Amino acid sequence: MPESQPKTIRKLFIANRGEIACRTIRTCWELGIRTVVGYSDCDALSYHVKLSDEAVHLGPSPAALSYMDIAKVVDAARRTGCEAVFPGYGFLSENAEFARACRDAGLIFIGPSSEVIARMGDKIATKQTLADAGVQIIPGLPRVTSADQMVKFGKEVGWPIIIKAVAGGGGRGMHRVDSADQAKAALERAVSISQKLFGRGEVYVEKYIRGARHIEFQFIADAYGRVIHLGDRECSIQRRHQKLVEEAPSSLLDDRLRNEMGHVVVKAAKEIGYVTAGTLEFLVAPDRRYYAIEVNPRIQVEHTVTEMIVGLDIIRMMIRMAVGTPLRFRQEEIRITSHAIQCRVNAEDPKNDFAPSYGTVTYLRQVSGPFVRADSGIFQGCEIPPFYDSLISKICSVGKDRPTAIERMRRALSEFNIWGVKTTIPLLKKIMDHPDFVSGRFDTDFIDEHLAELLDYVEDEDEILKISRFIAEITALGKNPYCR
Amino acid sequence: MTIHPSKSPRENVAALRNDRRVYFTNTGPRDTGQSDYKNRHTLYDLIRLAPFYNRSGYFSIENHGGARFHQNLLQNMIDPFEEAILWKERMPDVMTQTLVRSTNLWGYRMYPRNVIRLSVKAFLPYVDVWRCFDFLNYVPNMIPIAEEVMKGGKLFQPAISFSVSEDCTDAYYRKVTDEILRISGGTESVILCIKDMAGVGSPGRIAQLTDALLQKYPDLVIQYHRHATDGLAVPALAAAARAGVKILDVTDDPFTRYYGHAPVRAVQALLQEMGIDTRLDLPGVDKAAEAITGFIGHYQEFESQFRGFSYKVTEHRMPGGAFPSSFEQAAKGGFLPLMPYILRGMSNGNRFIEYFDVTPGSQITWTTWAGIIQYHYKEGGLKQVEDLLDLCERFIARGQSLDAFRPEEKEALLGLYARATDDLKNLLLGKYGPLPFGWPADWVYQSVFGDGWREKIAKDRFEESPLAKKSDEEIGRVREELQKKIERNPTEEELVLYLQHPGAVVDFIRFRTRFGNTTVLPTGIWFDGLKAFGSEVNFETRGKPNTIKLISIGQEVDGVKHIVLSVNSTMHVFPVEMPSHKTVQKAGTRFADPTVSGQVASPIMGNVWRIGDKDRILKTGDIVKEGEEIMNIEAMKVETAVLAPGHGVIREIAVKLNEAVVEKQLLMVLEELPPEEQKRTRRSKTNKKTR
Chain A
1 MPESQPKTIR KLFIANRGEI ACRTIRTCWE LGIRTVVGYS DCDALSYHVK LSDEAVHLGP
61 SPAALSYMDI AKVVDAARRT GCEAVFPGYG FLSENAEFAR ACRDAGLIFI GPSSEVIARM
121 GDKIATKQTL ADAGVQIIPG LPRVTSADQM VKFGKEVGWP IIIKAVAGGG GRGMHRVDSA
181 DQAKAALERA VSISQKLFGR GEVYVEKYIR GARHIEFQFI ADAYGRVIHL GDRECSIQRR
241 HQKLVEEAPS SLLDDRLRNE MGHVVVKAAK EIGYVTAGTL EFLVAPDRRY YAIEVNPRIQ
301 VEHTVTEMIV GLDIIRMMIR MAVGTPLRFR QEEIRITSHA IQCRVNAEDP KNDFAPSYGT
361 VTYLRQVSGP FVRADSGIFQ GCEIPPFYDS LISKICSVGK DRPTAIERMR RALSEFNIWG
421 VKTTIPLLKK IMDHPDFVSG RFDTDFIDEH LAELLDYVED EDEILKISRF IAEITALGKN
481 PYCR
Chain B
1 MTIHPSKSPR ENVAALRNDR RVYFTNTGPR DTGQSDYKNR HTLYDLIRLA PFYNRSGYFS
61 IENHGGARFH QNLLQNMIDP FEEAILWKER MPDVMTQTLV RSTNLWGYRM YPRNVIRLSV
121 KAFLPYVDVW RCFDFLNYVP NMIPIAEEVM KGGKLFQPAI SFSVSEDCTD AYYRKVTDEI
181 LRISGGTESV ILCIKDMAGV GSPGRIAQLT DALLQKYPDL VIQYHRHATD GLAVPALAAA
241 ARAGVKILDV TDDPFTRYYG HAPVRAVQAL LQEMGIDTRL DLPGVDKAAE AITGFIGHYQ
301 EFESQFRGFS YKVTEHRMPG GAFPSSFEQA AKGGFLPLMP YILRGMSNGN RFIEYFDVTP
361 GSQITWTTWA GIIQYHYKEG GLKQVEDLLD LCERFIARGQ SLDAFRPEEK EALLGLYARA
421 TDDLKNLLLG KYGPLPFGWP ADWVYQSVFG DGWREKIAKD RFEESPLAKK SDEEIGRVRE
481 ELQKKIERNP TEEELVLYLQ HPGAVVDFIR FRTRFGNTTV LPTGIWFDGL KAFGSEVNFE
541 TRGKPNTIKL ISIGQEVDGV KHIVLSVNST MHVFPVEMPS HKTVQKAGTR FADPTVSGQV
601 ASPIMGNVWR IGDKDRILKT GDIVKEGEEI MNIEAMKVET AVLAPGHGVI REIAVKLNEA
661 VVEKQLLMVL EELPPEEQKR TRRSKTNKKT R
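Protein chains in written order, with our numbering: chain A, 1 to 484; chain B, 1 to 691.
No lab work stands behind these hints: they were computed from the structure. Please note that a few of the clues may not be correct.
Every beta carbon over 10 angstroms from chain B, so not counted as near; a handful from chain A, in silico [what the hints assert, rightly or not]:
| hint | residue |
| --- | --- |
| 1 | His263 |
| 2 | Arg328 |
| 3 | Asp353 |
| 4 | Pro356 |
| 5 | Lys400 |
Beta-carbon label-pair distances, calculated as ranges [what the hints assert, rightly or not]:
| hint | chain 1 | residue 1 | chain 2 | residue 2 | range |
| --- | --- | --- | --- | --- | --- |
| 6 | B | Arg182 | A | Asp436 | 58 to 64 angstroms |
| 7 | B | Asp460 | A | Leu477 | 45 to 51 angstroms |
| 8 | A | Ala452 | B | Lys614 | 29 to 35 angstroms |
| 9 | A | Thr145 | B | Asp615 | 17 to 23 angstroms |
| 10 | B | Asp615 | A | Arg365 | 45 to 51 angstroms |
| 11 | A | Ala452 | B | Glu147 | 37 to 43 angstroms |
| 12 | A | Asp445 | B | Arg651 | 39 to 45 angstroms |
| 13 | B | Ala418 | A | Leu477 | 54 to 60 angstroms |
| 14 | A | Gly32 | B | Glu540 | 29 to 35 angstroms |
| 15 | A | Ala452 | B | Lys531 | 46 to 52 angstroms |
| 16 | B | Asp472 | A | Ala185 | 45 to 51 angstroms |
Keep in mind that this is a model prediction, so the values were computed, not measured. We put the beta carbon where it would ideally sit given N, CA and C, even for glycine.
Isolated chain A, as found in the complex (with noise of 0.2 angstroms):
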């Protein structure tokens, strides 16, 4: 494709909230964008909207009133004269009516095309997609909806499997099966629950690889089909899928693997006819065997360990790429000598089942120092409203190994300090300070495995503040009454 005029952006519309809306922000205003957000009510003291350059008014808290209603966030972006969306993760960022609606209405769509979008969210297709392109990808069965075509296929195949919803994503949706007595009640509740979650009840089996670590490529594609990626991300500490630790890069690949899962990824990319960023995630068994097994198509939560050791903006990249700047780089250019990690802090309780923390955060000692990085959506006095996802800061630490990187992640951990809600923090101090999380012997079981060991902290606020909570008490009573 011939390389055309890039156009211009003076205003973006970013499509979220939190964190990645105040990232996404920053490098905007590097860029001499000016930015325009939208909010809820529950949002309207939120920090993205402080930070931002303009603001607009969606609607009320739920989700699916504002932040997901597609008429209202390109009206908004169309009537603040922006020029492009930004749709960041989560909400409408997987979703390709949103892509398509953007275009509709003369906005640049900072991401891959919708066509693309709609193939990536079906998970069949996907498979079907990245298997034409020679990638090797899990054995699995589409469509089920009998437990016997699942019993059939675990005997095929071998104990256990995994059900997955078509819909799926974020790694909700997914229920393992470790025999054939499981298969109905299991296959039952996973319909259930997509249905429930995605709006859709489809779903699929596929072998659930025993001992696997999840290992990611962050590629980056330009208009004229010009593809290269930026190494790999390691994602294994999950917990029911959710990540809660990333790093790049994997301490399980060496060079050659690397190279050659880097070839896969970059080819697969060009066949989808990708654009902008995008991810291709792998399973990786234990004998160094990797399976495909989905494309995310959009920024990811973890794209800050790539940038940290790669020294590139990945969303300046997406802006630039999306607009019609052609990649400049060559796949050799992009050196790693470096190591990241990153843990995300979220507002909720691992000791409570991770049952989400919401309130006020009364008082809030941000990270900071040498070689760590922290994106946050949060400030000392805002609300962490019951309505999104409770990803409130992630914390990012570098070094020129994985040691070191460690190290400064503890330092960091450490020093962030929060009142108010309670946090993922105690427990990913434990994750840093677990033998076999130091010594990379982990698979995405880790954190399931070693559960009770992790939660073994005691969790107490800061001394200084409850002796505050005394002395207001006292004060408000006149009296002390329990020495009385």
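Since the structure of chain A is already known, use the hints to place chain B on it.
Chain B only, in chain A's frame:
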């Protein structure tokens, strides 16, 4: 030779024996605080005395044990371990001392032997001198403590409970001392304490007893513990020293009131004039006094309701350490004016049932007589109270012979203990040990146990050691119980505390979880909080300075006041629920009790969007299977299924559909069905269908 905590008990006792000087134990931090200030002294104030005590030449500082232990957990919110450790750290050159109540340790129940041993061992590193008494002078009750203390290389100080009566003769105390020395390995490594807890020993009586004991055991090192209640403490202490007592219990001058101990400077001055040398470093003593003068004003509110010495103590024998708690209870119960009558009743009671009025005996005496006097006051006013007391006194004068009285008087006397507490009944059945001077007269048993009193004595009264009959506590089970209550693994220290004071410890741990270690706060803030806008409190945590300043106090709205504090230069708003509102709140939101089976708690904060599972809506009376989904809570788009904890029938559904619930809120009450019942219910259900 000098006394030092680092030396063995044998070396320290030898040093005392060979020293012509007289030593002092300062009881200020523990017993004086208990006797005159209701144990309310804060650790913040007391610990400031440690550096002065450390260089004042005291034999020991009594900083631990007695009622302070419980009070610390109950109202001072001080961890007894933290307190003991802090004293040990700040006072490395002087011995720390505790008071332990034989089988009752630092509590109010008799504990099994394994609990006693575990608890003693836990405190051994921080306590050098272990004063141990038994309120019946029943020496076998001291054995587990004696063994653990001596094995642990600490100084065992057995005490004889001292009183003045016809039975409390020199011969009696020599006999008790014989038994004590038998379990203590002779006189070599122990100190014998004469524990005059009520303050009733006249100078002559104490000199005589000391002499009697030293005649028999010339090498015995004796300490005299004495309360000041009768007003004769200073001369009695001096007489004891002249008779050969080596260590005297005193307190700092500004701590002295009426029920505590004699002032150290007066005793020291008198001894000096008598030609008895002491080892005190007076400037150090005075420094401590200065510090106490600076803070003692905070405690006026907690000083005794009745002030002044009372020679009548020689009759009613209420121990100094029990006065304040009795006053407090009488004031709170609104019967303070009856105090003189209760004390008069006690003077009679100790003629009917003889034991020593010290924990737990003093509690039994107090509850018995406070009960009797209040009962008669309510029934017939002061007149009836006075008549009863007159009758008791005439009864004693007639040698407790019922036959000498008219039928209605006889009836009144036999009705005296009709409402006896279980503790009194247990005492009379020997559950604490045999009484020191034999069982009381039959009429007492008749009064306490009614018609079946003879069988009761024959069947249930026993003479052997009560400890031998008490089986060991299952420590593992208790640990699990505590773990359930505090929702985390308890520390060994918490377990030791819980074994003695289960209720208080759980509340204490909850307080600490919510409010942290409040002992860093200055006493005025601890008692009353911040008063004036702009006023601030400064204190250190781990060497780091903190400043908390009061910015504003909001108006009470819907039972909540908002307090704005500047905490280390950051503003914070604290909503405080006012007590009037709290009860309403509690009635509104019910929380599940994790210790009660069948109460289903909400695992998270969220919305109840389904009661039952997708196939069945549940209602009261439905039967559920273990593991069945009985409710579903949604929060942040995540659904959490609530599963039935067991097979049972739903007795109550405590929430409504779409109700917002908080973590641990009560969702449902299940009544578990026994296996038989399950079958039966299922069958009856089927039957109904067929019909």
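Hint-by-hint comparison with the structure:
no.: 1; hint: His263; in the structure: holds (39 angstroms)
no.: 2; hint: Arg328; in the structure: holds (41 angstroms)
no.: 3; hint: Asp353; in the structure: violated (6 angstroms)
no.: 4; hint: Pro356; in the structure: violated (4 angstroms)
no.: 5; hint: Lys400; in the structure: holds (34 angstroms)
no.: 6; hint: Arg182/B <-> Asp436/A: 58 to 64 angstroms; in the structure: holds (59 angstroms)
no.: 7; hint: Asp460/B <-> Leu477/A: 45 to 51 angstroms; in the structure: holds (49 angstroms)
no.: 8; hint: Ala452/A <-> Lys614/B: 29 to 35 angstroms; in the structure: holds (31 angstroms)
no.: 9; hint: Thr145/A <-> Asp615/B: 17 to 23 angstroms; in the structure: holds (20 angstroms)
no.: 10; hint: Asp615/B <-> Arg365/A: 45 to 51 angstroms; in the structure: holds (49 angstroms)
no.: 11; hint: Ala452/A <-> Glu147/B: 37 to 43 angstroms; in the structure: holds (39 angstroms)
no.: 12; hint: Asp445/A <-> Arg651/B: 39 to 45 angstroms; in the structure: holds (40 angstroms)
no.: 13; hint: Ala418/B <-> Leu477/A: 54 to 60 angstroms; in the structure: violated (43 angstroms)
no.: 14; hint: Gly32/A <-> Glu540/B: 29 to 35 angstroms; in the structure: violated (51 angstroms)
no.: 15; hint: Ala452/A <-> Lys531/B: 46 to 52 angstroms; in the structure: holds (48 angstroms)
no.: 16; hint: Asp472/B <-> Ala185/A: 45 to 51 angstroms; in the structure: holds (47 angstroms)
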